[in-house]
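Sequence lines, in order, name chains A and B.
Count the first sequence with the working numbering and you get residues 10 to 213, in order.
Count the second sequence with the working numbering and you get residues 243 to 488, in order.
Bear in mind the hints are in silico, worked out from the structure with no lab data behind them.
Remember, it's a predicted structure, so these values are computed and weren't measured experimentally.
Treat the hints loosely; a few may be bogus.
Stated by the list, open to error - Taking lysine-lysine and the DSS-like style, the derived pairs with C-alpha atoms no more than 27 Å apart in a straight line are:
no. : chain 1 : residue 1 : chain 2 : residue 2
1   : B       : K332      : A       : K75
2   : B       : K332      : B       : K356
3   : A       : K68       : B       : K332
4   : B       : K356      : A       : K68
5   : A       : K73       : B       : K356
6   : B       : K438      : B       : K332
Unchecked claim - Covered by chain A, according to a simulated footprint, are these stretches of chain B (three or more residues, beta-carbon under 8 Å):
no. : segment
7   : 256-263
8   : 365-375
9   : 419-429
Stated by the list, open to error - Derived, one-sided and incomplete: chain A residues facing chain B with beta-carbon distance under 10 Å:
no. : residue
10  : A47
11  : K75
12  : T126
13  : Y129
14  : T143
Cβ atoms here follow ideal geometry from the backbone N, Cα and C, with glycine treated the same way.
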Amino acid sequence: MRVLAAGVAIAFGLLVLAGYLFPLGTLLQVRLLLVQWAIILAAAAVVVGAFNLLGVHWKKIRTKQKDSALSALLIIALVFSACFGLALGPNSDFMRAVLDAVVVPVEASLMALLSVTLVYASIRLLRRRADTMTLIFVAVAVFGLLAAAPLPIGKIPLLSEIQFWFVQPFASGGARGLLLGMALGSLTAGLRVLFGMDRPYGGK
Amino acid sequence: MNEMIALILIVLAAGLLLGFTLLQRKKAPVFREIAAFTQLRRAIGLSVEDGTRLHVSLGWGGLQEAHGAATLAGLGMLRHLVELTSVSDKPPVVTSGEGVTAILTGDTARSGYKAAGAEEAYDPVTTRLSGLSPFSYVAGAIPAIRDENVSLNVLVGHFGPEVALLTDAAERANALAVAAADQPSAQAVLFAGLEKPLMGEELFAAGAYAGAGAAHQASLQTQDILRWLIILALLAASGLKLLGVF
Chain A
10 MRVLAAGVAI AFGLLVLAGY LFPLGTLLQV RLLLVQWAII LAAAAVVVGA FNLLGVHWKK
70 IRTKQKDSAL SALLIIALVF SACFGLALGP NSDFMRAVLD AVVVPVEASL MALLSVTLVY
130 ASIRLLRRRA DTMTLIFVAV AVFGLLAAAP LPIGKIPLLS EIQFWFVQPF ASGGARGLLL
190 GMALGSLTAG LRVLFGMDRP YGGK
Chain B
243 MNEMIALILI VLAAGLLLGF TLLQRKKAPV FREIAAFTQL RRAIGLSVED GTRLHVSLGW
303 GGLQEAHGAA TLAGLGMLRH LVELTSVSDK PPVVTSGEGV TAILTGDTAR SGYKAAGAEE
363 AYDPVTTRLS GLSPFSYVAG AIPAIRDENV SLNVLVGHFG PEVALLTDAA ERANALAVAA
423 ADQPSAQAVL FAGLEKPLMG EELFAAGAYA GAGAAHQASL QTQDILRWLI ILALLAASGL
483 KLLGVF
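Make the full structure from the sequences, and use the hints.
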C-alpha cells in the first residue's frame, strides 16, 4: 500500500511538473485536470478537518477539561453555521450578517492585539539580546516607521530621501537574499517528495 | 525561455540531490552549529523527562499552494519529533490550519509512532485543524499552548506576522518556542520575539539537524552549491550590465 501511494504521488507530481515546464496540448490539459482534482480533495479535507475539530472539543466536554463550556459553544456555533450555511447558502444575507457581526470583528480585534504584541516584543528585544544586529534591526524599524507614518509635525526633512537611498537598497537586497534562499529550500523539498525520499502521506 | 531555465535548474538540483544522497550514506557531513536547533534538542530531552507536552504548529499553509514547501519542512520535522518523544507519557499536540495538511499531520504522526514501535500511543485528537484563516488558526492554537501542559513549542511552516501571538502565548505560559517561517514578515517578527530565531532557509535545515536522514543532509549541500551558482550568475550579470553588454 505504501509503495502504491508513493508511486501515485511520484507519477502525478511528475505529470504536473511536466505540464508546467511544457504547457502544450495534452500535458496542459492533464495538469489542469489534476490541479482541479487537488482543489476538490482539499475542499473535502476541510470537512474531515471540521469533524476532527468536533472530535477534539467533544472529548474536552466529555472529560470535563478546562474551558469545556467554550468547547460546547464552539460545537453549537459549528452546527449552527453548517445547518444555516447549507440551508440558506454561503452568500445569503443572513450568513453574510453572521460573518460581518462575528468573524470579522473577532479577527480585527486579534489584529489590534497583534500590533500591541509587536510593540511589546520590540521593547523586550533590547533587553533580551542587546547585540549589533538587534540595534540595527530596531534602528531600521524606527527609521522606517518615522519615514512612512503620518506624523502630526508633518514629514521630517531628508528622512524619506535617506530611506530611499540607504535603507531601501539594503532592505530589499536582504529580502531578496532571504527569498532566494527560501526558493532553493522549496526546490529541494519538492524534489525530495518527487523522488519519494520524503513521504508525508504515511511513509517515511 | 523561463521554462527552459527552470528545467535546467530542476535537472541540476535533482542530479546534485541524488548524487549527494548516495555520498551521504558513506560519509555524513558536519554542519555549523545553529543555536536554535541546539536549544531544541535540549528542550526535547527535558520535556520527555519532566512529563510535559510538545506542541508542533505547522501554520496555516497547504501543500497545493506556492508556500507548500514550508509545510513539507514542518511535516518532516514533525515525523522526527514524534519519534523522539514517543516514550513520553504526554503525546505531542499538533495544530495546523488547512484541511489536507491536517490529514497529513495525522498520517505523519501515526507513522512516527509506528517507527518508534508505539503505534497504540497515537491519539487522533492530538492532531488538530485549529482554524482556516491566519487569525482563526492562531485563536485555535493558543489554547493548546496555554492549557495542555506544554513546555516546548515548535512552530515550523507557513506563517505571517500573526505568529507573534503564538510566541507571546508561549512566553506567557513559560514555555520555550523554536520557530521558523517562510514569510519575510514573519521572520522579522520572530527575530524580535524569540531569543534564538531561525532565519531564511534555516527553515529547510530543520530536517537535516533533526537527523531526518541522508536526503535532508544532501538537500543542504545542494542548496549551498546552487546558492554559489546564483551568486556567480548575479555578479556576472552585474558586470556585463556595467560593461554595457546588455
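Task: Pair hint outcome, K332(B) versus K75(A) [Cα-Cα no greater than 27 Å] - done: OK: K332(B) and K75(A) at ~17 Å, within 27 Å.
Task: Given pair status - K356(B), K332(B), alpha carbons within 27 Å - done: With a Cα-Cα distance of about 16 Å, the restraint between K332(B) and K356(B) holds, given a limit of 27 Å.
- [ ] Given the hint that K73(A) pairs with K356(B), test it: the Cα-Cα distance must not exceed 27 Å.
- [x] violated (30 Å)
TODO: Assess, step by step, whether the Cα of K356(B) is no farther than 27 Å from the Cα of K68(A), and give holds or violated.
DONE: holds (24 Å)
Task: chain B contact restraint for Y129(A) - C-beta distance below 10 Å - done: Holds: closest Cβ of chain B sits about 8 Å from Y129(A), inside 10 Å.
Open item on the list: Restraint: T126(A) near chain B, CB-CB cut 10 Å. Satisfied or not?
Closed with: Cβ of T126(A) sits 5 Å from chain B, so the hint holds.
Open item on the list: Would the hint linking K68(A) and K332(B) be met if the CA-CA limit is 27 Å?
Closed with: holds (16 Å)
Open item on the list: Using a Cβ cutoff of 8 Å, are there at least 3 residues of the segment 256-263 of chain B near chain A, or does the coverage claim fail?
Closed with: holds (count 4)
- [ ] Quickly compare the C-alpha distance for K438(B) and K332(B) to 27 Å and report which way the hint goes.
- [x] Status holds; Cα separation ~26 Å.
Task: Status of the hint placing T143(A) at chain B (closest C-beta pair under 10 Å) - done: holds (8 Å)
Open item on the list: Three residues or more, CB to CB closer than 8 Å: is that satisfied between the segment 419-429 of chain B and chain A?
Closed with: holds (count 3)
Open item on the list: Interface hint check: K75(A), Cβ to nearest Cβ on chain B, cutoff 10 Å. Holds or violated?
Closed with: Holds, because the Cβ-Cβ distance from K75(A) to chain B comes to roughly 5 Å (cut-off 10 Å).
When the structure is compared with the earlier hints, a violation turns up for hint 5 alone.
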